[in-house]
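Engineer: When you get a sec, could you build the whole thing from the sequences and use the hints?
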Amino acid sequence: MSNDSSNKYANIKVIGVGGGGNNAVNRMIAANLTGVEFWVMNTDLQALNTSLADHKLQLGNKITKGLGCGAQAQMGEQSAQESKDDIKMAIEGADMVFITAGMGGGTGTGASPIIAKIAKEAGALTIGVVTKPFRFEGPVRLQQSEYGVQALRDELDALIVIPNEQLLKITEKMTTLIDAFKMADDVLRQGVQGIADLITIPGLINLDFADVRTIMSNSGSAMMGIGSASGENRAAEAAEQAISSPLLEETITGASGVIINITGSETMSLHEVDQAAQTIYEAVDQDNANIVFGSVIDKEAGDHLIVTVIATGFKPDKHQAKSAVPTARGTYVDARQSAQASATQTAPDASAPVAAPLATETPSLGKTHFETPTPPEQVDMETPQYTQLDPIEPTEPESKTVETPPVQYDINRPKPENADILSDSLKDDLEFPAFLRQ
Numbered sequence: 014m015s016n017d018s019s020n021k022y023a024n025i026k027v028i029g030v031g032g033g034g035n036n037a038v039n040r041m042i043a044a045n046l047t048g049v050e051f052w053v054m055n056t057d058l059q060a061l062n063t064s065l066a067d068h069k070l071q072l073g074n075k076i077t078k079g080l081g082c083g084a085q086a087q088m089g090e091q092s093a094q095e096s097k098d099d100i101k102m103a104i105e106g107a108d109m110v111f112i113t114a115g116m117g118g119g120t121g122t123g124a125s126p127i128i129a130k131i132a133k134e135a136g137a138l139t140i141g142v143v144t145k146p147f148r149f150e151g152p153v154r155l156q157q158s159e160y161g162v163q164a165l166r167d168e169l170d171a172l173i174v175i176p177n178e179q180l181l182k183i184t185e186k187m188t189t190l191i192d193a194f195k196m197a198d199d200v201l202r203q204g205v206q207g208i209a210d211l212i213t214i215p216g217l218i219n220l221d222f223a224d225v226r227t228i229m230s231n232s233g234s235a236m237m238g239i240g241s242a243s244g245e246n247r248a249a250e251a252a253e254q255a256i257s258s259p260l261l262e263e264t265i266t267g268a269s270g271v272i273i274n275i276t277g278s279e280t281m282s283l284h285e286v287d288q289a290a291q292t293i294y295e296a297v298d299q300d301n302a303n304i305v306f307g308s309v310i311d312k313e314a315g316d317h318l319i320v321t322v323i324a325t326g327f328k329p330d331k332h333q334a335k336s337a338v339p340t341a342r343g344t345y346v347d348a349r350q351s352a353q354a355s356a357t358q359t360a361p362d363a364s365a366p367v368a369a370p371l372a373t374e375t376p377s378l379g380k381t382h383f384e385t386p387t388p389p390e391q392v393d394m395e396t397p398q399y400t401q402l403d404p405i406e407p408t409e410p411e412s413k414t415v416e417t418p419p420v421q422y423d424i425n426r427p428k429p430e431n432a433d434i435l436s437d438s439l440k441d442d443l444e445f446p447a448f449l450r451q
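All residue numbers for the sequence shown refer to the working numbering, where the first residue is 14 and numbers rise by one.
Everything labelled a hint here was simulated from the structure, so no lab data went into it. Check each hint, because a few of them may be wrong.
What the hints assert, rightly or not - For lysine-lysine, the following BS3-like pairs were computed, each having C-alpha atoms within a straight-line distance of at most 25 Å:
{"#": "1", "residue 1": "69", "residue 2": "97"}
{"#": "2", "residue 1": "69", "residue 2": "195"}
{"#": "3", "residue 1": "97", "residue 2": "75"}
{"#": "4", "residue 1": "78", "residue 2": "97"}
{"#": "5", "residue 1": "186", "residue 2": "130"}
{"#": "6", "residue 1": "101", "residue 2": "130"}
{"#": "7", "residue 1": "186", "residue 2": "133"}
{"#": "8", "residue 1": "182", "residue 2": "195"}
{"#": "9", "residue 1": "69", "residue 2": "101"}
{"#": "10", "residue 1": "101", "residue 2": "78"}
{"#": "11", "residue 1": "130", "residue 2": "75"}
{"#": "12", "residue 1": "133", "residue 2": "78"}
{"#": "13", "residue 1": "133", "residue 2": "182"}
{"#": "14", "residue 1": "75", "residue 2": "101"}
{"#": "15", "residue 1": "130", "residue 2": "69"}
Remember, predicted model here, so these are calculated numbers, not experimental data.
Structural biologist: Written out as structure tokens, the structure is:
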């Protein structure tokens, strides 16, 4: 099936926005993801021309003149606004739209919410799969990504967030930077493919677009995990991997909407399906969870059992606790809570006593790599006591006058034999003053 082939039950379009989104789409195409229509949208014309997608849309030609946004999200938003009519035409007819991007830059951060809004207004089930930058990319980019995630979440049915920083938990120390970014792109691919395959691949217990819409429509945050295992305990191991992926911002705990799909060969047993499902059930909101189950027989699976889980319906406060950005001081501050606090501040009552100013504190949400270490506890130590001594008055040293006896000359002392140092001839050559000649 070609990339443009539409599933007979649902028209699915995948839109990569900005540089990160374009890279993710290229990886999906290289991985032979079928049954979907690929689009890439970017302000950078040069990057756009390197895409493997058949459908390309340049955003904001009048604003950026074919260049990137220079990490300015506002310019990315304006570029998408300029190209709204073209975006509407690209999305037309879609039942389901995936928007994939890297948050923190200009085009992906700024344009994605506009594209999502257009898709949702067109009636498509709109799902975002985005990454957040590594910490080493700087606090400004991290904070901009947080605002972008929130703006995008407001326009989507469901959003899956993948912090790139989590890659450090699963990569070896010698992993190259290029390979790390490839892994981030591949996680985006898994997020899209994991959901698209549920709809496009027929199963023994079939899941279709209606099931996915029921769970994901207006659900807010979402979590998607894929686990694969082989061997005697493969069902439980695959299910555990799926619900505890270290690459996702959310966990399945407390989810009220869950899609479970189990794929295996013809050797997959009823007991294994039950074991995998029970592992997942124990982690969700069992009293209120709406769970949809599906199963696919794949002869090429061999001894592997593959479990795919999509979870939605998390409590708002649970997500807010994770929605934080590192500040320059190294602690975490919820960007939205900070903005709300600033907006609701009121002037102090003039009649109230003024308290001493307090040191500004940055709220911390757990220990992080950047958190300023707590200084060691100070221990009071006794000052050693010393005996006070009387000061010693300086004294001048006694001076003694030593009398030098006068030199005595004995004129009658006999003359030494060599007393005449000068010879008679030399004496004649020298001119002596008159007073010495007397």
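Engineer: Next step is simple, just say for each hint if it's right about the structure.
Structural biologist: Right, here's what the structure says about each hint:
1. 69 / 97: holds (14 Å)
2. 69 / 195: holds (22 Å)
3. 97 / 75: Distance ~13 Å between residue 97 and residue 75 Cα, so the pair holds.
4. 78 / 97: holds (17 Å)
5. 186 / 130: violated (40 Å)
6. 101 / 130: holds (10 Å)
7. 186 / 133: violated (42 Å)
8. 182 / 195: Holds - the C-alpha atoms of residue 195 and residue 182 are around 15 Å apart, at most 25 Å.
9. 69 / 101: holds (14 Å)
10. 101 / 78: Measuring from Cα to Cα gives roughly 21 Å; hence the hint holds.
11. 130 / 75: Since the Cα atoms of residue 130 and residue 75 sit roughly 22 Å apart, the hinted pair holds (cutoff 25 Å).
12. 133 / 78: violated (28 Å)
13. 133 / 182: With Cα atoms ~35 Å apart, residue 133 and residue 182 exceed 25 Å; violated.
14. 75 / 101: holds (18 Å)
15. 130 / 69: holds (19 Å)
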